[in-house]
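Colleague: Guided by the hints, dock chain B with the ligand onto chain A, whose structure is given.
Going down the list, the protein sequences come from chains A and B.
Numbers 1 to 265, taken from the numbering used here, label the letters of the first sequence in order.
Numbers 1 to 404, taken from the numbering used here, label the letters of the second sequence in order.
None of these hints come from the bench; they were simulated from the model.
As the structure is a computational prediction, the values presented were derived from the model and not from experiment.
Treat the hints with caution; some may be incorrect.
Straight-line Cα separation of at most 30 Å, DSSO-like style, residue types lysine-lysine; simulated pairs [to be verified]:
no.: 1; chain 1: A; residue 1: Lys-207; chain 2: B; residue 2: Lys-73
no.: 2; chain 1: B; residue 1: Lys-131; chain 2: A; residue 2: Lys-10
no.: 3; chain 1: A; residue 1: Lys-20; chain 2: B; residue 2: Lys-252
no.: 4; chain 1: A; residue 1: Lys-112; chain 2: A; residue 2: Lys-49
no.: 5; chain 1: A; residue 1: Lys-99; chain 2: B; residue 2: Lys-37
no.: 6; chain 1: A; residue 1: Lys-49; chain 2: B; residue 2: Lys-262
no.: 7; chain 1: B; residue 1: Lys-185; chain 2: B; residue 2: Lys-154
no.: 8; chain 1: B; residue 1: Lys-163; chain 2: B; residue 2: Lys-193
no.: 9; chain 1: A; residue 1: Lys-236; chain 2: A; residue 2: Lys-65
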Amino acid sequence: MDYLDELESKSIYIIREAYKQFHDIAMLWSIGKDSSTLLWLCRKAFFGKIPFPVVHIDTGYKFKKMTEWRDSYSKEWNLNLIVGRNEEAIKAGIGPKNKLACCNALKTEALKQTINKHKFRALLLGIRRDEHGIRSKERYFSPRNQEFKWNYKDQPPELWDQFKSRQSDEEHIRVHPLLHWKEVDIWEYIKRENIPIIDLYFAKNKKRYRSIGCECCCSPIESDADDINKIIHELKTTNTSERAGRAQDKESVYTMQKLRSLGYM
Amino acid sequence: MNIVFVGHVDHGKSTLIGRLLYDTGSLPPDKIEEVRKTCEMLGKEMEFGFILDHLQEEREQGITIDTCQIFFKTEKRDYVIIDAPGHVEFIKNMITGASQADAAILIIDAKEGVKEQTKRHAYILGMLGMKKVIVLINKMDLVDYKQERFNEVKQEITEFLKKINVEPSYIIPIVAKDGDNIAKKSEKMDWYKGETFLNCLDSFSLPEKKKNKLLRFPVQDVYKVDDKRIIAGRIESGTIKQGEEIVVLPEKTKTKVNSVEKLFQDPTHAEAGESIGITTEDPLFIERGNIICHPDNLPEVTSTIKANVFWMSKQDFNINEIITMKISTQEVSAKIEKIEKKINSSTLEEINEEKDKLKNNEVGTMIIKTLSPVVIDDFNYVPELGRFVFEKDMITSAGGIIAF
Ligand SMILES: Nc1nc2c(ncn2[C@@H]2O[C@H](COP(=O)(O)OP(=O)(O)O)[C@@H](O)[C@H]2O)c(=O)[nH]1
Numbered sequence: 001m002d003y004l005d006e007l008e009s010k011s012i013y014i015i016r017e018a019y020k021q022f023h024d025i026a027m028l029w030s031i032g033k034d035s036s037t038l039l040w041l042c043r044k045a046f047f048g049k050i051p052f053p054v055v056h057i058d059t060g061y062k063f064k065k066m067t068e069w070r071d072s073y074s075k076e077w078n079l080n081l082i083v084g085r086n087e088e089a090i091k092a093g094i095g096p097k098n099k100l101a102c103c104n105a106l107k108t109e110a111l112k113q114t115i116n117k118h119k120f121r122a123l124l125l126g127i128r129r130d131e132h133g134i135r136s137k138e139r140y141f142s143p144r145n146q147e148f149k150w151n152y153k154d155q156p157p158e159l160w161d162q163f164k165s166r167q168s169d170e171e172h173i174r175v176h177p178l179l180h181w182k183e184v185d186i187w188e189y190i191k192r193e194n195i196p197i198i199d200l201y202f203a204k205n206k207k208r209y210r211s212i213g214c215e216c217c218c219s220p221i222e223s224d225a226d227d228i229n230k231i232i233h234e235l236k237t238t239n240t241s242e243r244a245g246r247a248q249d250k251e252s253v254y255t256m257q258k259l260r261s262l263g264y265m
Numbered sequence: 001m002n003i004v005f006v007g008h009v010d011h012g013k014s015t016l017i018g019r020l021l022y023d024t025g026s027l028p029p030d031k032i033e034e035v036r037k038t039c040e041m042l043g044k045e046m047e048f049g050f051i052l053d054h055l056q057e058e059r060e061q062g063i064t065i066d067t068c069q070i071f072f073k074t075e076k077r078d079y080v081i082i083d084a085p086g087h088v089e090f091i092k093n094m095i096t097g098a099s100q101a102d103a104a105i106l107i108i109d110a111k112e113g114v115k116e117q118t119k120r121h122a123y124i125l126g127m128l129g130m131k132k133v134i135v136l137i138n139k140m141d142l143v144d145y146k147q148e149r150f151n152e153v154k155q156e157i158t159e160f161l162k163k164i165n166v167e168p169s170y171i172i173p174i175v176a177k178d179g180d181n182i183a184k185k186s187e188k189m190d191w192y193k194g195e196t197f198l199n200c201l202d203s204f205s206l207p208e209k210k211k212n213k214l215l216r217f218p219v220q221d222v223y224k225v226d227d228k229r230i231i232a233g234r235i236e237s238g239t240i241k242q243g244e245e246i247v248v249l250p251e252k253t254k255t256k257v258n259s260v261e262k263l264f265q266d267p268t269h270a271e272a273g274e275s276i277g278i279t280t281e282d283p284l285f286i287e288r289g290n291i292i293c294h295p296d297n298l299p300e301v302t303s304t305i306k307a308n309v310f311w312m313s314k315q316d317f318n319i320n321e322i323i324t325m326k327i328s329t330q331e332v333s334a335k336i337e338k339i340e341k342k343i344n345s346s347t348l349e350e351i352n353e354e355k356d357k358l359k360n361n362e363v364g365t366m367i368i369k370t371l372s373p374v375v376i377d378d379f380n381y382v383p384e385l386g387r388f389v390f391e392k393d394m395i396t397s398a399g400g401i402i403a404f
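For reference, chain A alone in the conformation it holds in the complex (with noise of 0.2 Å):
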């Protein structure tokens, strides 16, 4: 076994955990190569058939091409797809000039409605720790209360691959099996594997997005990393961080954290 070799196997193993204690279970997908990466390891995972829907949150601000691109793979994989919208707030104009606003609203409001409709206990993601530092506080199994707030500061001990195995009724558990991974084994994997890839994250002249989400709020990096390998090459020899190119992030070091606190993932 080599490195990614066993990436991908711990994230499988957790995966495997969360459904197996958690059947009311969904995997958030939001196009991006991380959820993608996720997708492709749950379809290991159980052998080409991914036994719980997969949700997308679509704040009607995503890229056209990442709708495109949803439905056709999800198509092609035979994907229980659920997409959730809060059609009251697209319908009332919410929109990003008050980001906070919009993220709220688009974004977590709409994850909590989905939620609920379905009535899913447990939530698969794609975050890692290496994205940003409030993540690094994540746990695999991360329990959330009604109104998605996360207590960092009292988590459980989580030891030995034994995760959280029951909840209460209140409870609401995000898992996150690519939590071990960094932005480059990623690329790497995705290459290995040959996962596709939306094309909005190569080089067309000479600017790419590394991180994606809403088209207003996602600005392209300097970049001439056109394919995979280019890209690998640019993580390797780059020391400037992923998000950079997230409004999100820039508006305040502390933005990030009230999202968070606020249940957005």
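Modeller: Relative to the frame of chain A, chain B with the ligand by itself:
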């Protein structure tokens, strides 16, 4: 390689980690800038320790709250740092961190010497079976870089470690704040003839693969995929091959491996560490918690276990109280029949009061009765089947190592 930093609060863990990240060029410039600005705002000189404390609240409180992972690399390999805090209330986080590490770094303040948390953390490392330990004696600048003081602290810690069967691979004098003996040899301590900290770390070899050992394949779940019944799990030791005979424990039923399953692949065998599936020749009833082995050299099947347990919950744990015990994928109800010995994990003193219960941060050697039989192995041979957790009120409340 995963490494964990432990030691008494304020002995310099965060500073050392900040320094390591800085010296190995592992920090994005925007992060260094952020920290520099924060220090400026607080009217302090550059504190390397702040690099870790991304959260505002931590900055205000001045302590690291939770295990936190960061990455750095040397020419030899990549390292993941699992930072463990030194505050007494957060011992469960230290255990969470240390249980994921391949090597541990124990930091001691040269001026203060060995303190309560130094000992407790060292004890936990010993209990977890940590084999690769480096002791760093920090803040040598505060004791004028004197060899005599280094030797005093060295002797103090060596004596303690001996009692708990931990043998440090290296003991190094450093100044975390200035980087002495971390990436570069210190010019102020030419009496130290050993290697720098980073060179010592690089000298460790990675944990050996367990594929040459006996087969242990704990069943995680069983899936029905098309017309196949696939038994899914991760091989914890040994190798499994198509066509060979296997025994399913604890019932000891026998069958043969019909196929080894992995999506997009057509393997004929799989080895330790791989998450796979198998199908069997006979349609046996197999379920989560079964352990699949080869017919020879079977592990022990028992309902009486002697173990060392570290209790880490604010609620006491009483003997004869029913609790959930999880050993790999096995989950059973169990109770403590008797606490043979209870010790204070820091002073190593035996506790003779209230020997009918375990309290937060206490360690006990005890006899456990499981209500149904479990499959176990020697921790030193197959750790996954030689250790367990107790779950109470839906939360992991203790870790234990089986004593043979
Ligand atoms: N003089 C001196 N002070 C140090 C050294 N390393 C750390 N410190 C200081 O010791 C204090 C505690 O360090 P910190 O890294 O926060 O300790 P932690 O609680 O173990 O993480 C801080 O004020 C540091 O600046 C050192 O090598 N020399």
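Colleague: If a hint holds in the structure, say so; if it doesn't, say that too.
Modeller: Here's how the hints hold up against the structure:
{"no.": "1", "hint": "A:Lys-207 with B:Lys-73", "result": "holds, 28 Å"}
{"no.": "2", "hint": "B:Lys-131 with A:Lys-10", "result": "holds, 23 Å"}
{"no.": "3", "hint": "A:Lys-20 with B:Lys-252", "result": "holds, 24 Å"}
{"no.": "4", "hint": "A:Lys-112 with A:Lys-49", "result": "holds, 26 Å"}
{"no.": "5", "hint": "A:Lys-99 with B:Lys-37", "result": "holds, 25 Å"}
{"no.": "6", "hint": "A:Lys-49 with B:Lys-262", "result": "holds, 13 Å"}
{"no.": "7", "hint": "B:Lys-185 with B:Lys-154", "result": "holds, 19 Å"}
{"no.": "8", "hint": "B:Lys-163 with B:Lys-193", "result": "holds, 27 Å"}
{"no.": "9", "hint": "A:Lys-236 with A:Lys-65", "result": "holds, 28 Å"}
Every hint, counting from the list given before, is met by this structure.
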